[in-house]
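Visitor: Here is how the chains run, residue by residue.
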Amino acid sequence: MSGTIDIQIMQLVFAYIFVLVLLFIVKQKEIGHKGEILLASVRMTIQLIAVGFILEYVFSNQSPIYSILILLIMETFAIYNIFGRVEGRISKKLKLIIAGSMFLGTSISILFFVIAVVGLDPWFRADYFIPLSGMLIGNSMTGISLGVNYLINGIRDNKNLVENYLMLGAEPETAVKEISNRAFYNAVLPTINSMMGMGIVFLPGMMTGQIIAGASPIIAIKYQIAIMMGILGSVTLTVFFMVNKGAKTFFNSRKQLNL
Amino acid sequence: MFKLEKIKFKNILNIEEILLEENRVTAILGSSGGGKTTFLKLLNNMITADQGTITYQGKDIESYDPVSLRREIVMLPQDPQIFKGTIKDNFTKTEAITDNENSKNLNYNELLQKVSLTQDLNDAADNLSGGEKQRLALARVMLLEPKVLLLDEPSSSLDKKTEEKIIKRVVDYVRKNNRTLIMVTHSSKIAEKFADKIINIENGKIIK
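Here the protein sequences come in this chain order: C and S. Residue numbering for the first sequence follows this note's numbering, starting at 161 and increasing by one per position. Residue numbering for the second sequence follows this note's numbering, starting at 1056 and increasing by one per position.
Since the hints were made in silico from the structure, they are not lab data. Be aware that a few hints might be false.
Stated by the list, open to error - With the C-beta cut set under 8 Å, the calculated list includes, among others, these residues of chain S facing chain C:
hint	residue
1	Ile1102
2	Thr1103
3	Gln1106
4	Ile1109
5	Ser1118
6	Val1129
7	Asp1134
8	Pro1135
9	Ile1152
10	Ser1211
11	Leu1213
As the list claims (entries may be wrong) - Straight-line alpha carbon distances no greater than 30 Å define the calculated BS3-like cross-link-like pairs of lysine-lysine that follow:
hint	chain 1	residue 1	chain 2	residue 2
12	C	Lys252	S	Lys1148
13	S	Lys1139	C	Lys405
14	S	Lys1220	C	Lys408
15	C	Lys252	C	Lys337
16	C	Lys253	S	Lys1169
17	S	Lys1143	C	Lys337
18	C	Lys408	S	Lys1063
19	S	Lys1231	C	Lys405
20	S	Lys1148	S	Lys1223
21	S	Lys1139	S	Lys1065
22	S	Lys1231	C	Lys382
23	S	Lys1143	S	Lys1220
24	S	Lys1148	S	Lys1260
25	S	Lys1139	C	Lys408
26	C	Lys253	C	Lys194
27	S	Lys1058	S	Lys1231
28	S	Lys1169	S	Lys1114
29	S	Lys1058	S	Lys1143
30	C	Lys253	S	Lys1231
31	C	Lys319	S	Lys1231
32	S	Lys1202	C	Lys337
33	C	Lys319	S	Lys1202
34	C	Lys253	S	Lys1063
Glycine is no exception: its CB is placed at the ideal position from the N, C-alpha and C atoms.
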């Protein structure tokens, strides 16, 4: 029962039938976005093939430089992805804070996770370091995107309330405290929700992957619990840094609201 | 107390020179969109003029810490936002967000009476009508006992009778406690009755 069943190329081609089904429905119902679906399928295929070959090379040539390089590439893509997901204009200062929060929050979490929790030896062991980092970065990216959007929209929609606080003599941090707290909560909520349904509503990706790869469900569960805690920590840290520093970018040096 | 010289703010305000005296009641009249609210916002540093200088107590307004200044010169906007919770919460929260210790001596019920609100302190603030919310917001400002009160149409949601009653109480409070009141109003009758000085602002300029 152990060992992974390899998928033959012809079998893999069958998987694309699902895309064809989607394209058929979209065409029949005149929903549109055919190009977007095709592009997503092609991009996903090319990206994964490229990553597969790169990882194959990196795994057989272990080096801290490769691990860190891939980590930086993942961070960069994640940061640009966040910028793309933000609705409306975003200031240069806020962009810097988003990038800094992502980098700082995920780096602390990844290092703690691979050294203290998993006990990787060496710490840069690519077959663990890269996928684990990817999961933390990916989830933090989603969290921070939600947090930024909530913060921007929250301050914009509650401009009068924020100004009212300032007019009474409140510090800017106090004036946006409720909005910042809400942004933080909204950003970590999906992680909390996924923890709630885990194991009952769905079997999480990492655990599924390990079971398919032949690992015992008990080991898979231990990894899944650990990675969920790691994700929670990473999302918490990145969003906390971003919300705290990001909220200040909406005020100028005279503590006036600058929208 | 305030001296404004050669003030320009976008295309909204263009003031050559004006003096606003301490312990006086000043009324600002003018048609809507003429720059009255902008004028008030300049005085408590909610915005900064593009050109010109504003001095407060002889010192450039820019030299004050903006938050300390706003605690001394409190502004009540035309559409004040009420905090969630009870009427009492609105008072306690106002004290908390401004680290205000002076107000501990004030009785919340007395403040409600000053603005003619008969509700209980534990009533939900959200259930108040527009005019009542405006009066609660006014009471919140008075709770802070600022040196200068900047009121932007403080009685716009009130009927004429209540409007005059509330303004009279605010003016009495200001005169009794040696405060300065600068108030935007749409009513020339109110201005003439209560103000020591009336300023007319039209199209961003002061009309003499």
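Visitor: I'd like to know which numbered hints this structure contradicts. Please list them from smallest to largest.
Guide: Result: hints 3, 4, 5, 10, 11, 12, 14, 16, 19, 21, 22, 24, 26, 28, 29, 30 and 31 break, sorted rising.
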